[in-house]
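Kindly generate the complete structure, drawing on both the sequences and the hints.
There are 2 protein chains.
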Amino acid sequence: MSIKIGIIGYGNLGRGVEIAVKEAPDMELAAVFTRRDPATVKILTEGVPVCNVSEAEKWAGKIDVCIICGGSATDLPVQTPQFAGLFNVIDSFDTHARIPEHFANVDAAAKKASTVGIISVGWDPGMFSLNRVYANAILPDGKDYTFWGKGVSQGHSDAIRRIKGVKNAKQYTIPVESALEAVRAGENPELTTRQKHTRECFVVLEEGADAARVEKEIKEMPNYFSDYDTTVHFISEEELLRDHSGMAHGGFVFRTGKTGVNKEHSHVIEYSLKLDSNPEFTTSVLVAYARAAKRLHDEGQCGCKTVLDIAPAYLSEKSGEELRAHLL
Amino acid sequence: MSIKIGIIGYGNLGRGVEIAVKEAPDMELAAVFTRRDPATVKILTEGVPVCNVSEAEKWAGKIDVCIICGGSATDLPVQTPQFAGLFNVIDSFDTHARIPEHFANVDAAAKKASTVGIISVGWDPGMFSLNRVYANAILPDGKDYTFWGKGVSQGHSDAIRRIKGVKNAKQYTIPVESALEAVRAGENPELTTRQKHTRECFVVLEEGADAARVEKEIKEMPNYFSDYDTTVHFISEEELLRDHSGMAHGGFVFRTGKTGVNKEHSHVIEYSLKLDSNPEFTTSVLVAYARAAKRLHDEGQCGCKTVLDIAPAYLSEKSGEELRAHLL
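Keeping their order, the protein sequence lines are chains B and V.
Note that the working numbering has the first sequence beginning at 17, numbered continuously upward.
Note that the working numbering has the second sequence beginning at 17, numbered continuously upward.
Be careful, since some hints might not be right.
Heads up, the list lumps identical chains together, so a pair's fine if it works in one copy or across two of them.
[Said to hold, decoys possible] Straight-line Cα separation of at most 20 Å, SDA-like style, residue types lysine to any residue; simulated pairs:
id : residue 1 : residue 2
1  : LYS235    : THR214
2  : LYS38     : VAL277
3  : LYS212    : THR246
4  : LYS38     : LYS212
5  : LYS159    : GLU193
6  : LYS159    : GLU39
7  : LYS279    : GLU206
8  : LYS38     : GLY276
9  : LYS20     : VAL69
10 : LYS38     : GLY158
11 : LYS274    : ALA264
12 : LYS235    : ASP245
13 : LYS159    : GLY202
14 : LYS127    : PRO54
15 : LYS166    : ARG200
16 : LYS166    : GLU197
17 : LYS334    : ALA120
18 : LYS38     : PRO156
19 : LYS310    : ALA327
20 : LYS235    : ILE179
21 : LYS159    : LEU196
22 : LYS279    : LEU60
23 : LYS159    : SER288
24 : LYS166    : LYS183
25 : LYS310    : GLY101
26 : LYS74     : ASP140
27 : LYS279    : ASN28
28 : LYS183    : SER173
No lab work stands behind these hints: they were computed from the structure.
So this is what it looks like as structure tokens:
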């Protein structure tokens with residue numbers, strides 16, 4: 017029997033989930049929930065109802081797993097515990113510092129309702145996290161490095177758009193090639209923030225805005241830009257839309273470590289992603305973990321989990337026998 | 017309380033386990049078992065007994081996990097089920113085609129004795145396998161590529177040494193750089209065996225042996241060499257020992273796949289290892305999974321498992337709270 021998936025929130029992520037569910041041989045989309053007027057939301061899958069989130073309660077028992085596609089700032093801290101009271105849920109909560117608090121809230125709600133909630137699913141947190149954990153366990157005497165990009169940082173783009181005189185902007189985070197190479201060569205470099213990433217900004221000014229002042233404000237912005245080598249390009253809105261609407265992203269996780277009686281042997285573990293569409297890759301990960309949520313719940317488990325708590329085999333639609341015969 | 021580790025078989029792998037256990041803050045070496053006369057076996061850790069394997073039974077209940085460090089051809093198929101009757105066990109069984117049979121044998125023995133047996137732990141099978149499973153689950157519409165090297169293949173070196181007139185030999189498996197680049201660029205190439213790897217052989221001849229005949233026999237050997245571009249170098253035994261005694265190895269696992277309504281987005285997942293010491297890295301993985309075996313057993317689980325059945329958090333000595341706060 018197919019795993020019945022619900023989508024809560026229909027933006028880039030919600031649409032990505034819809035596409036990934038189509039691709040999964042063992043899943044079907046049951047319903048899409050939105051805060052908007054359902055009549056205004058057009059989805060890609062024919063015959064699937066679009067409902068207002070207020071109706072979600074009526075769907076309890078009819079959906080195996082709801083994938084919550086809201087934002088980490090304000091949506092998920094409320095929605096994930098709330099819907100864990102009705103369904104098994106998955107989210108992509110990515111505010112690293114607030115994960116322990118979010119975990120506790122979802123855990124309490126899910127245990128009360130005997131559901132499974134899997135939080136912080138995606139690539140970072142997500143696939144990058146589990147690679148850090150595997151590599152740390154294997155090479156206890158070592159160093160971790162994470163690089164992001166090249167890709168658009170939503171947070172940094174938003175920060176530029178808040179500057180007076182800026183009409184629109186996109187910011188790319190770019191790993192420094194020489195730093196990547198030094199890590200890959202096992203040199204264990206000590207890298208400052210500035211040595212790891214550069215930042216490249218494409219900015220559309222409002223009419224009459226002072227370019228020099230905007231550039232200075234960007235480059236001196238604490239936390240976001242002042243610790244980085246930042247390049248600012250002023251372009252037209254037409255150019256921005258034409259050349260900078262892509263959602264490509266990616267990154268690298270390394271662990272370098274030593275073994276041997278005299279620590280004479282070096283090892284480099286590298287995991288990297290090169291993604292044409294950040295939201296579609298994230299939702300592909302969410303959908304794989306939806307399969308795991310259903311199975312864990314069928315086994316009688318409940319409460320909050322992360323990618324660190326779930327065995328790889330739970331993500332695959334293949335049986336243990338098939339996996340051992342073909343992928344082990 | 018420390019996890020008490022036993023080592024069964026004291027060669028390159030056994031010594032690697034001993035070194036990795038020293039590095040683990042939560043483990044101690046309890047005993048080493050050998051088929052040789054224990055008096056002839058000198059180990060690195062002071063105060064730890066070396067026993068004959070025939071005495072293993074007396075240690076039941078005094079060791080948490082035994083790591084079985086024999087070979088896949090003849091040792092492990094016998095030893096892993098045998099010792100699973102006494103201890104939780106880990107092995108690095110790497111004959112891919114015989115994994116289902118080995119799994120069944122270990123599963124039966126471990127279930128009977130209420131122990132946990134984790135088989136085929138290392139990097140391939142092992143870390144490469146779980147990367148294949150994660151990546152397949154995330155990108156169902158895609159292609160897998162595994163490259164090995166540069167590193168010595170024991171099987172191919174042995175095959176050369178069996179040729180008449182060969183005194184000693186080492187064979188390196190080398191991934192073809194242009195093939196790696198094409199995969200990394202998301203080109204989804206169809207690659208023949210010859211296009212993926214080359215083979216480089218360093219051969220010491222016995223006195224009076226016919227170099228041309230040996231080279232021809234190597235290059236035409238079916239399965240091992242005939243499908244590859246193979247280079248043969250004849251060198252002295254002194255050169256072989258001086259320049260080719262290293263145990264470096266490594267490799268690459270890729271999955272490239274597409275997402276999007278019209279499959280318009282490409283993604284590349286890459287995992288790679290660059291290892292100075294193949295046996296020491298393998299044993300570092302074995303030791304991390306020994307931690308998992310102890311925990312699974314403490315939870316009341318039993319039977320045979322592989323790396324695909326075990327959640328990443330079980331490998332770490334850190335608590336769930338610590339992992340969520342620092343590595344997620």
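Now the hints, each set against the structure:
1. Taking the closest pair of Cα atoms, LYS235 and THR214 come within 20 Å of each other only inside a single copy of the chain (12 Å); across copies the shortest separation is 50 Å, beyond that limit.
2. When the C-alpha separation of LYS38 and VAL277 is checked against a cutoff of 20 Å, the pair qualifies only between copies, where the shortest distance is 10 Å, while the shortest distance within a copy is 52 Å.
3. Taking the closest pair of Cα atoms, LYS212 and THR246 come within 20 Å of each other only inside a single copy of the chain (12 Å); across copies the shortest separation is 40 Å, beyond that limit.
4. Neither within a single protomer nor between protomers do LYS38 and LYS212 lie at most 20 Å apart by alpha-carbon distance, with minima of 38 Å and 33 Å respectively.
5. In this homomeric assembly, LYS159 and GLU193 come within 20 Å of each other (Cα to Cα) only inside a single copy, at 18 Å, whereas the closest approach across copies is 27 Å.
6. Taking CA atoms no more than 20 Å apart as the test, LYS159 paired with GLU39 passes between copies only; the shortest distance there is 15 Å, against 38 Å inside one copy.
7. In the homo-oligomer, the alpha carbons of LYS279 and GLU206 lie at most 20 Å apart inside one protomer (19 Å), although the nearest pairing across protomers, at 41 Å, exceeds that limit.
8. In the homo-oligomer, the alpha carbons of LYS38 and GLY276 lie at most 20 Å apart only across protomers (10 Å), although the nearest pairing inside one protomer, at 49 Å, exceeds that limit.
9. For a Cα distance limit of 20 Å, the shortest separation of LYS20 from VAL69 inside one copy, 17 Å, qualifies, whereas the shortest one across copies, 53 Å, does not.
10. Taking the shortest Cα distances, LYS38 and GLY158 sit within 20 Å of each other only across copies (15 Å), while inside one copy they are farther apart (42 Å).
11. Taking the shortest alpha-carbon separations for LYS274 and ALA264, only the inter-copy value of 13 Å comes in at or below 20 Å, while the best intra-copy value is 34 Å.
12. With identical chains, the CA atoms of LYS235 and ASP245 are at most 20 Å apart within one copy only, with a shortest distance of 8 Å there and 54 Å across copies.
13. With identical chains, the CA atoms of LYS159 and GLY202 are at most 20 Å apart within one copy only, with a shortest distance of 10 Å there and 29 Å across copies.
14. In the homo-oligomer, the alpha carbons of LYS127 and PRO54 never lie at most 20 Å apart, since the shortest distance is 31 Å inside one protomer and 53 Å across protomers.
15. Taking the shortest Cα distances, LYS166 and ARG200 sit within 20 Å of each other both inside one copy (17 Å) and across copies (15 Å).
16. Taking the closest pair of Cα atoms, LYS166 and GLU197 come within 20 Å of each other both inside a single copy (15 Å) and across two copies (18 Å).
17. Taking the shortest Cα distances, LYS334 and ALA120 sit within 20 Å of each other only across copies (18 Å), while inside one copy they are farther apart (32 Å).
18. For the homomeric pair LYS38 and PRO156, the shortest alpha-carbon distance between copies (11 Å) is at most 20 Å, but the shortest distance inside one copy (41 Å) is not.
19. When the C-alpha separation of LYS310 and ALA327 is checked against a cutoff of 20 Å, the pair qualifies both within a copy, at 14 Å, and between copies, at 16 Å.
20. In the homo-oligomer, the alpha carbons of LYS235 and ILE179 lie at most 20 Å apart inside one protomer (12 Å), although the nearest pairing across protomers, at 68 Å, exceeds that limit.
21. Taking the shortest Cα distances, LYS159 and LEU196 sit within 20 Å of each other inside one copy (14 Å), while across copies they are farther apart (26 Å).
22. With identical chains, the CA atoms of LYS279 and LEU60 are at most 20 Å apart between copies only, with a shortest distance of 14 Å across copies and 56 Å within one.
23. When the C-alpha separation of LYS159 and SER288 is checked against a cutoff of 20 Å, the pair qualifies both within a copy, at 17 Å, and between copies, at 16 Å.
24. For a Cα distance limit of 20 Å, the shortest separation of LYS166 from LYS183 qualifies neither inside one copy, at 23 Å, nor across copies, at 52 Å.
25. In this homomeric assembly, LYS310 and GLY101 come within 20 Å of each other (Cα to Cα) only inside a single copy, at 15 Å, whereas the closest approach across copies is 34 Å.
26. In this homomeric assembly, LYS74 and ASP140 never come within 20 Å of each other (Cα to Cα): the closest approach is 33 Å inside a single copy and 48 Å across copies.
27. Proximity of LYS279 and ASN28 under a CA criterion of 20 Å is satisfied inter-copy only: 16 Å between copies versus 48 Å inside one chain copy.
28. For the identical chains of this complex, LYS183 and SER173 are intra-copy neighbours only, at 11 Å inside a copy versus 65 Å across copies, given an alpha-carbon limit of 20 Å.
Checked against the numbered hints given earlier, the structure breaks hints 4, 14, 24, 26 and satisfies all the rest.
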